[in-house]
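Visitor: Position chains B and C relative to chain A; hints supplied.
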Amino acid sequence: MSFATWAAVLTSGAGMGACLLVLVAPTRMRPAFAGWGTAATGATGCVLGVGSVMSGFPLIRVGWLFPLAGAQFAGGAVSGLFIAVIGAVAVIAGVFTVGYARAAITGHDGHGALPVWALAALPLFVMAMIFVPLAASVTTFVALWELMALTSLALVLADHQRVQVREAGLSYAVMTQLGFAAIVLGLVVFAASSGSDGFAQMTADAHTMPASVRSAVFVLTVIGFGSKAGLVPLHAWLPRAHPEAPSPVSALMSAAMVNLGIYGIVRIDIAMLGRGPTWWGLLLLMVGAITAVYAVLQAAVATDLKRLLAYSTSENMGLITMALGAVMLLSTLGTGASAAIALTAAFLHVVNHAAFKALGFLSAGAVLSATGLRDLDELGGLAQTMPITTVLFGIAALGASGLPLGAGFVSEWLLLQSLIHAVPAGGTTLALVVPLSVGAIALTAGLGMAAMVKAFGVGFLARPRSSAAAGAAEVSPTMIAAMSTGALICAVLAVAPVVCASLLDRVLSQLPTVRSTEVPSIGLLLRLPGIGGSMSPALLAATILGGVVVVGAATWAATSGGGPLRRAALWACGGSPPSSRMQYTATSFAEPLLRVFDDVLRPDTQIEVSHHAESRYLVERVSVSSTMADAVEVRLYAPVLRAVEGAANVVRRLHNGSVHAYLGYGALGLLVVLVVAAR
Amino acid sequence: MLRRIFRTGTVSETAPPAPDPTGELPPLLRGALALRHVDAGSCNGCEIEISGCFSPVYDAERYGVKLVASPRQADGLLVTGVVTRNMAHALKATYDATPGPKIVVAVGDCACDCGEFAGGTGVVGAVHDVLRVDRSVHGCPPTPDQIIAVLREVTKR
Amino acid sequence: MSAYPAGSTAVQLVVVGLGAPVLTGIMRQVRARLEGRVGPGIFQPWREMRKLAGKERIRPVGTTVIFGVAPLFLAATTLAMAAIVPVVTTASPLDRDGDLFAVVGLLLLGTVALALAGLDTGTGFGGMGASRQVTIAALVEPSILMAVFALSIPVHSSNLAAIVAAAAHRPESVATPASALAFAALAIVVVAETGRLPVDNPNTHLELTMIHEAMVLEYAGPQFALVEWASAMRLTVLLALLANLFVPIGISGAHSGPVGIVAGTLAVAAKVVVLAVGVAATEVFLAKLRLFRVPELLAGSFLLGLLAVTASYFLATPA
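Order-wise, the sequence lines are chains A, B and C.
For the first sequence, my numbering assigns the number 1 to the initial residue and increments by one for each residue that follows.
For the second sequence, my numbering assigns the number 1001 to the initial residue and increments by one for each residue that follows.
For the third sequence, my numbering assigns the number 2001 to the initial residue and increments by one for each residue that follows.
Same shape as in the complex, but just chain A (with noise of 0.2 Å):
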């Protein structure tokens, strides 16, 4: 057996060993079983990705796995990719995993206690992940999916006393398996097309396939993994599921389980429909152009962490989705020069996003373990009492909002480097379209950062808001050593992406879209083959780090030594000092930005005023409580379920409980099926 199938034996044998072993153990015991357990999945999985990308992972049938069909796991460096970002954020997850579960039992959390089927399906919800890439077959496929949403979504209700959980459970379980519907025809379609089940041989047949045939698989596949990765307006489950989740749960989806979505598009849509018309890539554009946007206003005027982070995913996975979209259309318009750096874009993106989400999730439920709090308004003066996670989640934050120094900043300066170089031999259809691209990812860019300059610095900076922020302490030793490890790879893939350049380009040359040489060099240097135009974040980062130390001597020098500092009170004006309660809160920072889009947030405000008896002019209390939904969920969801319930009505009146009209339907269906069959 080779080096990859070994791996894949030790993963799966860590996975499902680990969740025996929580099983059984006591219960003091495992959290440390479930969290070393995922982790050793993850670790072993991580390897198996790196083996796959560097020298593939051959066909293996496994025929007795699922019955009839069998099972069939190939792998190339696609898959190889994904299959190391999950494992790695499985690593730093389940590292947390044992500091975070343990919190719980003894006492000191702010939610609670992770059930033992919990903590069971964590390993088994990683191993999952890290086999859905490696499927080669539909049946494979299919059933590998569908266990990972069954094991999610078991995490998800991990804390089902509380009724939004349940709500968000049932809502991620609707979408879900709506998701997978769609994914499974469009996969039956798809093979049914093809004559067989195994993926090579669909890949291999798909330019014999009709058009029509083709572009109903591209729509079906592209609605069943877009709701998985969180694409308008199939997103609603994802700043629902995200925050209810257990904080490294949250991080596990954010962070790994949303790229699955993304690999499905990959995978089925460019790698084995292969190319395609042109509406395929606008469409993509557009999604991800919609969803980048709306899931970023979102994230800017939300005021729960993990919510704000889960709409951050959600703009992520649209800003990858624009680049596979500009892969599609520039490999067919524009140069393969630009394609090629769209999809180094997209990749690298896939990466950055793991690192900075996963990150940043651990350290929202660091904060929520020390605290019990979600909510930015009564968050504040973190910076004092837990200086740690404040400098991890600021890296976390940095790598969000796209600025130079963080994770995010290389992969979205290749994003619009493809979209700058894409004219003019592209015609009218990209003239029109890549200008609004750019200025929807401009537009992205500028409303991330203001959601992480918000999330950073009215939960972290300035004073507590509430007794049980000011009461917060340093968490454990397990969860900092898991967020630093993060941090480390965020620090590295902001100022070295280079550490990826290997595994990027071998990624880059098995994709059939992209059959040029000219891909995108990634040294300490970023070099765009035969374009003008290079970057080096590295050379960035030293530049202003030098400049910070330049300013800092010449301030020394200039003040004679530093001066004489004192410490005094905040300036209020000449009044009493500032309590806490008067400082910003994160629904005042966004309030700008709600008033600038509030045609596309629509919030609702309530506002209540109740008179004194004697006089109606006498105003006794004035109430104001003003709520932001989802507006998709709310303006296209519930009037989708009216109608749907009421269809579901009238075909209620079919059970009228008679006998003789059930027997009549059986007796009509047989005759449809004998005349169907007939032909």
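Everything labelled a hint here was simulated from the structure, so no lab data went into it.
Careful, some of the hints might be misleading.
Claimed, not checked - Some, not all, of what chain C presents toward chain A, calculated at C-beta under 7 Å:
no., residue
1, L2013
2, I2058
3, P2060
4, T2064
5, P2093
6, R2096
7, L2119
8, P2222
Claimed, not checked - So these bits of chain B aren't anywhere near chain A, every CB distance computed over 10 Å:
no., residue
9, H1089
10, L1091
11, A1118
12, T1121
13, Q1146
Remember, it's a predicted structure, so these values are computed and weren't measured experimentally.
Note that beta-carbon positions come from the ideal geometry of N, C-alpha and C, so glycine has one too.
Guide: Below, chains B and C alone, put in the same frame as chain A:
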């Protein structure tokens, strides 16, 4: 409006000769002085004269003086009015918020020795009863020339 | 030959560092004269900085290390921008390391540092300034990137040396409608980013009308001097960028000697002073826009940028 600007030209009165300063003033503040105005309880007569100081006719900015909004960015206080009970704490807080070296200039008879309001209810005293005053400008209200002369002693311009 | 790029970049940094307060002084002096006053002289900002350097340093209770480090960080990002942007020369050794997108990123990084410092004070005004500044920065981002896009199209590169050198070699490429639209968009962007009228009034005393000043109300002494110097440098660098992108006369190249560097310095000084006088004179006629009208101005700027891009596609002369 452009024509109006060019027709009007510069309206500032020519600068009188620089005054001879007496008493200790921080040498750091020569050339550039930023002041935070505090109204401790005045009738606003002195405020009108101070706004006249910074108007185009008198133009105190040419001597390096400017009014700032935050005491943290100021080099001292320009206090008008008698110190009332309500403003005593605020005046001290403003002084404390100002970084050193700092000066206090009391403008008007009320600020210097309670003026009209000596012995009134709600009056704590003159500014020198609350803070250490470096320079006083007497008058009810003092003219902009008198105010500027005192400020020029600090900036030496 | 290889010493000249580093040397000319050093000259560039010195020119920007020393000249920025003088530029602020010139703008204040122009305003004063147009208002009928005499004014304090163009070196007054230097006198103020010298005085501030000798003042007491204050650390307000309740702030964290972010409050102390933000002015340093702001100055450092501005110096990094000054090193990359072609002010005196196009031959900066850092030109390969940062293109126009990186410069925009550095600009945003400085804004973020100051906004975090404003939030860190925990006062209502600090938060208010941070919230407004971040809103404007977020909404101005599409306009900037559109203008960058429009400028990169004819040159097929977003590296600044390439853009400025191309414009220097073919001056007629600047006289196109696309260029004019991009100039208009960038001018509005510069006004918004540096906090000049009509977006923000740098001379206001009313805290509720402040955007940039509200974030720095707590800074005293040397830190305040650093913030003021960094803001002046930002204005200088952005005006120099605006000038050199569209009128790159006199900029020194990779092979100019000391004479070229001196000529480049004088040329950029002249251009930037002209632009600064223009900005200051225009400010006399403008009142500050209401905060919720500023997005309309920025949307207009975005539209100009979009038109610039479309014009470069459809009206481009073949290279």
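Visitor: Confirm or reject each hint.
Guide: Against the structure, the hints come out as follows:
Given hint, L2013/C at the interface with chain A, is violated; its Cβ is 9 Å from that chain's nearest Cβ, farther than 7 Å. Because the beta carbon of I2058/C sits about 5 Å from the nearest beta carbon in chain A, less than 7 Å, this interface hint is met. About 5 Å separates the beta-carbon of P2060/C from the nearest beta-carbon of chain A, less than 7 Å, and the hint is met. Checking T2064/C against chain A: minimum C-beta separation of about 4 Å stays under 7 Å; hint holds.
Given hint, P2093/C at the interface with chain A, is violated; its Cβ is 9 Å from that chain's nearest Cβ, farther than 7 Å. Interface hint at R2096/C: satisfied, since its Cβ lies 5 Å from the closest Cβ of chain A, which is below the 7 Å cut-off. Because the beta carbon of L2119/C sits about 3 Å from the nearest beta carbon in chain A, less than 7 Å, this interface hint is met. With 7 Å as the threshold, the beta carbon of P2222/C comes within range of chain A, its nearest partner Cβ sitting at about 5 Å, so the hint holds.
Under the 10 Å C-beta cut-off, the non-interface status given to H1089/B relative to chain A is violated; the minimum distance is some 7 Å. Not every beta carbon of chain A lies more than 10 Å from that of L1091/B, the smallest distance being close to 7 Å; the non-interface claim is violated. Look at A1118/B: its CB is around 24 Å from the nearest CB on chain A, clear of 10 Å, so calling it non-interface holds up. Distance check for T1121/B against chain A: the nearest CB is about 22 Å away, which clears 10 Å, and the non-interface claim stands.
No Cβ of chain A comes within 10 Å of the Cβ of Q1146/B; the nearest lies about 27 Å off, and the non-interface call holds.
The structure fails hints 1, 5, 9, 10 (numbered hints given earlier, in ascending order).
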